Structures are given as C-alpha cells and as structure tokens.
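There are 2 protein chains.
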Amino acid sequence: MIIIKLGGSALTVKDASTPTLDEENLDRIASEVSYYNDDMIIVHGAGSYGHIYADEYKIGDVITNANEHLRRIEGVCKTQTSVQQLNHDICQKLQQKGIPAITIKPSSFIVTNQKRIAVCDTTIIKQYLENGFVPVLYGDAVLDMDEDIKFAIISGDQIITYLAYDLKADRVILASDVDGIYTDNPKTNPEAKLIDEVTQDTQLNTTSNENMADVTGGMNGKIQELLKLAENNIQSQIINAQTPGNIQKAVSGQNVKGTIIK
Amino acid sequence: MIIIKLGGSALTVKDASTPTLDEENLDRIASEVSYYNDDMIIVHGAGSYGHIYADEYKIGDVITNANEHLRRIEGVCKTQTSVQQLNHDICQKLQQKGIPAITIKPSSFIVTNQKRIAVCDTTIIKQYLENGFVPVLYGDAVLDMDEDIKFAIISGDQIITYLAYDLKADRVILASDVDGIYTDNPKTNPEAKLIDEVTQDTQLNTTSNENMADVTGGMNGKIQELLKLAENNIQSQIINAQTPGNIQKAVSGQNVKGTIIK
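Quick mapping for you: the protein sequence lines, in order, are chains L and A.
Quick note: the first sequence uses the UniProt record's numbering, first residue 1, plus one each step.
Quick note: the second sequence uses the UniProt record's numbering, first residue 1, plus one each step.
Hint data in this document are derived by calculation from the structure and do not stem from the laboratory.
Pairs involving identical chains hold if they fit within one copy or between any two copies, as the list cannot separate such chains.
With a cut-off of at most 30 Å between alpha-carbon atoms, the simulated BS3-like pairs for lysine-lysine come out as follows: (1) Lys14 to Lys97; (2) Lys150 to Lys58; (3) Lys97 to Lys58; (4) Lys115 to Lys126; (5) Lys97 to Lys257.
Quick caveat: nothing in here was measured; it's all calculated off a predicted structure.
Chain L extracted, bound-state conformation (with noise of 0.2 Å):
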C-alpha cells in the first residue's frame, strides 16, 4: 500500500483571499495518480480552503475567555466546511480519472492532544482498503483533549506519518510545490543543491529550508515526521506536484527528480 500527499499548495490557490481551487493542476494530478492501480491512500492538504479561516480564527491558540471560545467553535465550523468543500471537489475528479476515491473526515474520528494524534481509529480505512476503495483523507480542524485549546488543526502530514506506521505502507510519495531539500533556500542562494537523498545523518539547514514551507508545519517538521518513518523502515520521497509527470513517473516507480528519505 502507498500513500500519496497532494500538498495544498499544488491544488488551490495559496495566497488567495478566498479559498480557490487550482482546477488545471488539480485535473493533471488526478490524472497522474490514476496511474497507480493497487491499494493507495490520499492525503490532501488544506491549502487557502484551510488556513484562510484557521489563521483568522487562531485554531489551536490558548483560550482564555467565553467570547474567545464561541469565536473558536465559530473558527472550526467554517475551517471544516471549507476543507470539506475542497476535499469534494479534489474526490469527484479523482472519481472522474477512474479512481475510486472515499472520503474519509478526519475531525469525524481523529481527536489530538496538544495537537498531535491521540485517538484515531483505522479500522474502517482498512475496511475501504480492502474493499477497493481509495480512502482520501485530508488536513482539518479537530478537537483536542488540551483544555486550554480544545481544537486543533491536524496538517496532511501528521495523517501520513500516523497512517503510514499503523497500516504500515510500503511507501509514502509527497507531492508539493518543491522539488525536495535543498543544501539551503534555492530562492536566495543559487549556490543551494537539491539533496537526493536524506538520512537521520545529513546535516541541514533547517532555517533556510523553513523558507520552503507549506503553511501547516513547514519543511522542517516534514523531515522531522518523515525520518521518523524512515526510522520504521518506511521509505519516503518528496517531489514537486507542479512538474508534469513527476507523480505518474512516482507512483510507476520510475525514477524522478526529488529527495528521497531513508
């Protein structure tokens, strides 16, 4: 089994006002992952459908009042209808491709404390697995067991790590908008190589890569999640979604510029 990141970045519109989906993008990647004809997973991100309202509403911020508490449920309300609204647009052209694309909402079962995964249980992805499905999950707001939250919001990668190990994938590909880790920040320093490979033993500049970040967790805490498969003898590999026929040559296991961590 494998499971496919489709950053944020690589299907909506990043710096819109209003949540926008990247419909070309989003139709060239569906029809790319179609390649892959065996047992996947799909985690997408939230992209501006997520952190337009996860920002303005300060979804895992501290509460400290009654009003701040109603504006956070208020903030969690709308984060989850409009990732929901991304994540049917994202299954119906998946579904269109020939995938059988399912949804499965993260907030309906997956509850954190102090932001990472506490209760999450996959009994019904395998189920979907099993019965020839493709469970599509996705970065959402989800409620915390810290009283002092009460709500969080759970990035793609966080679900990736998580159902990586318990279903334990052979691999994990993550498709975003760079074309994997750089030596240093490839947009200030023309000197900054590509890493092919990454390990628990390369030295990086986290600081400059922070740069790169998608908004939910950054390039540092990607690495972080993914040397911890690595760790578990589950191979990653970070390519960029905005190159065309970089996650059909993925998923075909052929080879493909990016960086792979093991």
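With chain L held as given, fit chain A onto it using these hints.
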C-alpha cells in the same frame, strides 16, 4: 438533547433528474432551526442527491459477479460524494444562521450488517455536543458486513433512531413533506384524517401511508422506527417542514399540526 430530522424532500428538489437544492426552503428551515439554543443534533435526508445514484447503481442489492462489484464501488463513491455536497451546503447555511453546525460523516464511522447499523461509536458526537457544537449527520452509502451486498444505504431515519437511544435524546422532531400520519392516503381519500397521536395500539392502514413515503424506508418504516423509540420513552413528532413556522414552533415547544408518537 433534541434530534431534528430534516427530510431530504424538504431540502432538495425531489423529482429532479440531477441533484438540486431547494435553496428557498433550506434558507427558511435553517432560520427556523436556529430558534433552538440548547443541545441538538441535526440529521438530514439525502433527497435527490442520494437517490439518483443509489437507484442507478442498485446499492444494497446482492452482488453476483466482479463487474457488479466494481460498478457498486463506483456507485458508493458517487453517492457519498454527492450527499457530501448537499451536506456541505446545508452546514454552510446553518452556520450562516448562527448554528455551530459540524459534519459527522456517517460513512466514515458507521458500518451496517444487512442494512442495519452494526458499528457506530458515538463518542466523538458526544464530545462535539459537550464542546457546544451541533453535530450534523445524514443519509449516506456505507460499508455493510454482509458479503452478499457489501454496501448499503442508511436513511436519516435509521440514524436518528440509533442516536436517540444511544445518546438518550429527550425528543425527536421529524420535519418532512407530510403533515403527519393519516387514517388513509389524503391524496386519494378526501375523508382521510390526520392522527394527532400514534401509539403501539393505533391501527394504521400502512399500505396507504406508504404512498406518503419518502424514498428511503417509507412512512411505514418511519412509524416502526418511531414506535421503537416510544417504547423507550423517547417521544417523537412528525411535522410538515413545508409549512413555514412549523419547525420554529416545534423546537420552541409550541403546539404544531402533526402527529406525536408516544
């Protein structure tokens, strides 16, 4: 805690050839529901968003070969995605009216056995209620444990009955497109009278009531579910959502034309 069922027939254009929202009705109904300010769960039907695909793909019928299985999988995907869109639009409208509506996707945690709910952990629904949210569920296409059918449609009616027991609801309001239960079919028999109160002992002409059915379960199925609730001292009330003011009165505890089942 009260549970309100909003019939798919009141929220969607029932006989439409493609899923179509009844926006005017939805707007009014959401306003009326917002008069209730205490613990509440909302369950809505699938209306034209569900039945079109459920019927076309014969979800719930016995699967006799691999091709039928593949086709059923496609149908489950399409049904789930379609009702997810309806649910999105309903939740967004409820939120606009100030209701902290949060979707609990039935197919993400409910599994049936021979079309009856067999797995349904309501822990997270309780947590959302305790946190001040209004959980919203709906008729959906789910996995079924029966190897012969593999998939089933669960009606909103089956969900409300299950939740009403499990979460010890105080009362249940079913707002649909009929005034209540009649002595005979009011569309064909001008002498038919609305029954104010139905109990286990009431003699019902179930055949004629069948004509007033909504598509999942039908009126007779509905009455049987509600009589089971009544046995457990949970009172329910059938009212017509098409009549402006009915839902507002019902949630406010005022007298409404309709049938009480107790």
